Each structure stands twice: as C-alpha cells, then as structure tokens.
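Kindly generate the complete structure, drawing on both the sequences and the hints.
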Amino acid sequence: GDLLNYAAFQGSVEILRWLMEEKGCELNKNTDWSAGKGGSIEVFEYLLGKGYEFYTWACYAAARGGHVKALKFLRSQDPSCPWNVITCGHAAQGGSLEAL
Numbered sequence: 001g002d003l004l005n006y007a008a009f010q011g012s013v014e015i016l017r018w019l020m021e022e023k024g025c026e027l028n029k030n031t032d033w034s035a036g037k038g039g040s041i042e043v044f045e046y047l048l049g050k051g052y053e054f055y056t057w058a059c060y061a062a063a064r065g066g067h068v069k070a071l072k073f074l075r076s077q078d079p080s081c082p083w084n085v086i087t088c089g090h091a092a093q094g095g096s097l098e099a100l
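As numbered in the working numbering, residues 1 to 100 make up the sequence shown, in order.
It is worth saying that the hints were derived from the structure and are not from the lab. Every value quoted in this text rests on a predicted model; they were computed, and no experiment measured them. For every residue, glycine included, the Cβ atom is placed at its ideal position computed from N, Cα and C.
Here are the simulated distance ranges between beta carbons: (1) Asn-84 - Trp-18: 30 to 38 Å; (2) Glu-21 - Asp-78: 22 to 30 Å; (3) Glu-53 - Ile-86: 14 to 22 Å; (4) Ile-86 - Trp-18: 32 to 40 Å; (5) Gly-89 - Lys-23: 32 to 40 Å; (6) Glu-22 - Gly-89: 34 to 42 Å; (7) Pro-79 - Asn-30: 15 to 23 Å.
Set out below in structure tokens:
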C-alpha cells in the first residue's frame with residue numbers, strides 16, 4: 001500500500017505496474033492523495049485504465065501541489081473528479097491561482 005502510493009506520488013508508472021501486476025499490491029484510499037500530490041497525468045491514465053475512480057482527494061492534492069494540468073485532466077474525465085470550495089482553498093494555499 002504505502003510503496004504503491006509512493007510510486008504514484010513519484011510518477012512512476014513502471015513501478016506502479018510492477019507492484020500491481022507482479023506483486024499483487026492493491027490500490028487504497030490514499031492513492032487519490034498520493035497521485036494528486038505527484039500530479040503525473042501518466043499515473044492518472046494508468047490508474048484509470050485499471051478501473052480506479054478518483055475522488056475529491058485527488059483534486060485537493062493536485063491543487064495544493066500547483067498541478068494545474070493534472071487538475072484539468074481530472075476534471076475532463078467522464079465522470080469528472082469532484083471539485084468543491086475546499087479544492088479552491090488548497091489551490092490558493094499551493095499558490096495555484098491559475099487553477100481557480
């Protein structure tokens with residue numbers, strides 16, 4: 001779990017793939033935050049391809065990390081990743097006013 005989330009944060013799709021497919025690691029509730037904090041669109045694409053659904057935590061973390069492209073990607077999905085006033089606060093704290 002923790003190693004998988006660290007790989008998501010670091011943006012390492014190769015390690016994510018290895019952990020999930022070779023070692024049987026499973027995604028968990030912290031994967032949203034970790035992937036969002038890292039802001040790697042490639043990680044989001046890989047996880048979505050595995051059927052993972054992103055929730056508000058992914059947007060919170062991406063906003064706080066200033067990952068505007070990641071936010072746009074998450075919001076462009078169908079269904080889109082949830083966004084709310086707390087996400088806007090995280091964007092402001094992270095200096096990501098462009099996201100607002």
